[in-house]
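**Q** For this one, chain A is given, so just place chain B on it according to the hints.
Protein chains: 2
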Amino acid sequence: MNSTTHITTNEILALEKQYRASFINSLGGFKSVCLIGTKNNANQTNLAIFNSLVHIGANPPLIGFVVRPDSVDRHTLQNILETKYYTINHLNETIFKQAHQTAARYPQDVSEFEATSLTENYLDNFFAPYVLQSSIKLGVEFKEKIDFTINGTIFIIGEIKHIYYPNNCLQHDGFLDLEKAGTVTCSGLDSYHITQKLARLSYAKPNIIVTEI
Amino acid sequence: MNSTTHITTNEILALEKQYRASFINSLGGFKSVCLIGTKNNANQTNLAIFNSLVHIGANPPLIGFVVRPDSVDRHTLQNILETKYYTINHLNETIFKQAHQTAARYPQDVSEFEATSLTENYLDNFFAPYVLQSSIKLGVEFKEKIDFTINGTIFIIGEIKHIYYPNNCLQHDGFLDLEKAGTVTCSGLDSYHITQKLARLSYAKPNIIVTEI
Numbered sequence: 425m426n427s428t429t430h431i432t433t434n435e436i437l438a439l440e441k442q443y444r445a446s447f448i449n450s451l452g453g454f455k456s457v458c459l460i461g462t463k464n465n466a467n468q469t470n471l472a473i474f475n476s477l478v479h480i481g482a483n484p485p486l487i488g489f490v491v492r493p494d495s496v497d498r499h500t501l502q503n504i505l506e507t508k509y510y511t512i513n514h515l516n517e518t519i520f521k522q523a524h525q526t527a528a529r530y531p532q533d534v535s536e537f538e539a540t541s542l543t544e545n546y547l548d549n550f551f552a553p554y555v556l557q558s559s560i561k562l563g564v565e566f567k568e569k570i571d572f573t574i575n576g577t578i579f580i581i582g583e584i585k586h587i588y589y590p591n592n593c594l595q596h597d598g599f600l601d602l603e604k605a606g607t608v609t610c611s612g613l614d615s616y617h618i619t620q621k622l623a624r625l626s627y628a629k630p631n632i633i634v635t636e637i
Numbered sequence: 425m426n427s428t429t430h431i432t433t434n435e436i437l438a439l440e441k442q443y444r445a446s447f448i449n450s451l452g453g454f455k456s457v458c459l460i461g462t463k464n465n466a467n468q469t470n471l472a473i474f475n476s477l478v479h480i481g482a483n484p485p486l487i488g489f490v491v492r493p494d495s496v497d498r499h500t501l502q503n504i505l506e507t508k509y510y511t512i513n514h515l516n517e518t519i520f521k522q523a524h525q526t527a528a529r530y531p532q533d534v535s536e537f538e539a540t541s542l543t544e545n546y547l548d549n550f551f552a553p554y555v556l557q558s559s560i561k562l563g564v565e566f567k568e569k570i571d572f573t574i575n576g577t578i579f580i581i582g583e584i585k586h587i588y589y590p591n592n593c594l595q596h597d598g599f600l601d602l603e604k605a606g607t608v609t610c611s612g613l614d615s616y617h618i619t620q621k622l623a624r625l626s627y628a629k630p631n632i633i634v635t636e637i
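Taken in sequence, the protein lines are chains A and B. For what it's worth, our numbering labels the leading residue of the first sequence as 425, then goes sequentially. For what it's worth, our numbering labels the leading residue of the second sequence as 425, then goes sequentially.
The hints are simulated quantities; they were obtained by calculation from the structure and are not laboratory data. Predicted model only: the values in this text are computed from it and were never measured. It is possible that some hints are incorrect.
[What the hints assert, rightly or not] Label-pair distances were calculated between CB atoms; the ranges are:
1. B:T573 - A:L505: 14 to 22 Å
2. B:N591 - A:K508: 30 to 38 Å
3. B:D533 - A:A539: 54 to 62 Å
Ideal placement from N, C-alpha and C gives every residue a C-beta, glycine not left out.
The shape of chain A in the complex, shown without the other chains (with noise of 0.2 Å):
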């Protein structure tokens, strides 16, 4: 029989570096996982994996995500300061091993995609490129950067200005099918997944038994 694990909060800072940051990683569940396309105004393109995307509003539609303080993703970062527009890119099957690649520590002058053989894609007079492998795209507009003081992370905020998106995806309420897209998540530092839908379920009530739609 199966038995349950409990530790603290001295345990856990007794842990060694990298298996405390591969554990903690991977205890806020499934993570969603993108490629986020930059250039700065020099025409230098970056390309970095983030597993940080969270949903901010629908009315403007907003999206975040979180920078590490000493992370190679500070490129990225950099960029988005520089030029105010990002791209986001959904992770497949066929391209996740190239997409965790991108987090390598390369240098400033040599760009990801290159280095990765992932395609720049420029989008009706986008400033920043995509990934062309990737189907669903996002070109986003840089709004907002706050700082958590508690440990130097930084949250950056944009505006979904471009939707690309498989049209067989897309369902008559406004629903899009992420898996029949062949989207991609994640877990803890560096463990890619596949799903496989169990349910979508109706507009929760009180007192009425939620229902597969």
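**A** For chain B alone, kept in the frame of chain A given last:
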């Protein structure tokens, strides 16, 4: 052959409200969904589903989530601000329908635990109730409330003080196997999914091809 649709800001803003909410909520990818358990100082418990968990840091172990300004989940926020403690409980296939049901607008004097037949579980003298049926549970202490003035949402950061997990899900390097634990992910406003692992990938370094670990 499938084609790609492109829509832009003005079209997004012109969408019907519920349609837009469903659509925009789909765009960030698969989400970290959980049940947050709280109790006020009058011993009234509350349980609410959130799909916006995000990792903030490992040392100290910090986790954040978004509270919508117009949400029923404001009871959760009130209790956290009043008492400083809350629990984060993973969803699994057995309880995802009950978890979804907690989103119904129950009056404040109704506990969603009772209304949804989920069981309050008090562990190691922690103030807030865990969900007995959840296999991964976190006891969290409130640390910071950040107001996102751009649209009135609120971001709550807490420090993880207690972790409960199934023994056989922890790997030698600190990775917690959420798939083995049966943790569920969600997409959009109402779709729930189990996962199927593609691979864990090695730490990314320039000019070294990532391998499965």
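**Q** Are the hints correct? Go through all of them and say.
**A** Here's how the hints hold up against the structure:
Checked against the given bound of 14 to 22 Å, the beta carbons of B:T573 and A:L505, roughly 19 Å apart, stay inside it. Look at B:N591 against A:K508: about 48 Å separates their beta carbons, and that is not inside 30 to 38 Å. At about 58 Å, the CB distance of B:D533 to A:A539 agrees with the hint of 54 to 62 Å.
Figure legend: structure checked against the earlier numbered hints; the only hint not met is number 2.
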